[in-house]
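The lines below spell out each chain.
Protein chains: 2
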Amino acid sequence: MVEDGTWFPPADTLDRAELEEGETFAPRFNAEGLVPAVAVDADTGETLMLAWMNAEALRRTIDSGEAWYWSRSRNRLWHKGATSGQIQRIAEIRVDCDQDAILLRVRPQRPGACHVGYRSCFFRSLQKTGKGDLRLRFEETEKVAK
Amino acid sequence: MVEDGTWFPPADTLDRAELEEGETFAPRFNAEGLVPAVAVDADTGETLMLAWMNAEALRRTIDSGEAWYWSRSRNRLWHKGATSGQIQRIAEIRVDCDQDAILLRVRPQRPGACHVGYRSCFFRSLQKTGKGDLRLRFEETEKVAK
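In the order they appear, the protein sequences are chains H and Z.
When we follow the working numbering, the leftmost residue of the first sequence carries the number 1, and every step to the right adds one.
When we follow the working numbering, the leftmost residue of the second sequence carries the number 1, and every step to the right adds one.
If you're looking for bench data, these hints aren't it; they were derived computationally from the structure.
Cβ coordinates follow ideal geometry from the N, Cα and C atoms, glycine included.
There could be a bad hint or two in this list.
[Said to hold, decoys possible] Listed below are several chain H residues computed to face chain Z (Cβ distance under 7 Å; list not exhaustive):
#1 P36
#2 T47
#3 L50
#4 I93
#5 V95
#6 D96
#7 C114
#8 R124
#9 S125
#10 L126
#11 L134
Generate the whole structure from the sequences, applying the supplied hints.
In C-alpha cells:
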C-alpha cells in the first residue's frame, strides 16, 4: 500500500521497461476500474474461469489469500465461494507483461468454479457441423456442484 | 455464419438457459466489440496470454485454425506470429458459461508467446517483501525468443 492511501502505484508513472520487465506491481485497470483475472487450478493447470477485479477486490485477494472479484452483473464485490463454499485459495498471483491482466493459481476448496455447476466455466467447445454451422459441444457432462 | 452477413447470432436473442447451457455459439462482445481470449498451451496447459478479439478476429481464428486477435494498442487485426513466427495453431476453442470469454487451446509453432521474449506473458509473480511491500518476481528467467 502506498502512503497516499491508494493501494497500487499508478501504472502511468512507470516507463515501459519498468512496466514490462521491472519488479514494480502497477496493475492497469481499464476505464471502468477493472482488470480481467483468469483463475486456473494450481495443481492441474485447468483454466477455471475469467472474471474481473477492481482495486479493492485485488487488494482483498492479496490480503486474504482467497479470490475476490468484482461482479459486473451485481455491481458489487464478490467473495468467490462465500455462499457456495467454492472458495478459491490463492497459491500464486501473476501479472502479465503490460500488467493489464491477472492470473490466479488457485486451490478450489470445493469443486465447481462455475455457477452452472461445472468444474470450469469453459465446459463447452466450438465445433463445426457437417453443414459448416457452428455448435457448442459439452466437454464436461457431469455437474460437480449445484 | 448467419444469413444476414453477420458471423454470429446476437447473444441478446438467447434466453439465459440457451446462452449458458445450450449449443448455440453466441459470443458476447463488449461495448467496444471485443471479447477477452485466454490462450493456453494445449499440451502443457500453461496459461500463455490474455488478448482481445473482435468478431472478425474470432471468425478468422475459426476459419484459419490459427489465432487472430485485435490489437488495442495498434487498433488493428493481429495475426499472432505473422512477423515473429510464433503462430498459435488452434487445438480447441472453448467459450465460458455466459459466453463473454473465449479460451484457446493452442500449439505454439515457436516458443515465446510474449513480445518481451518469455514463454508466457505471465512470467512474473506477486510477492510480499519482509516490510509488507509488493514486488514482482520473475518466474521465467530465460527468454526463449527476442
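Report task. Go through the numbered hints given earlier and state which of them the structure violates, listing their numbers in rising order. Result -> Of the numbered hints, all hold.
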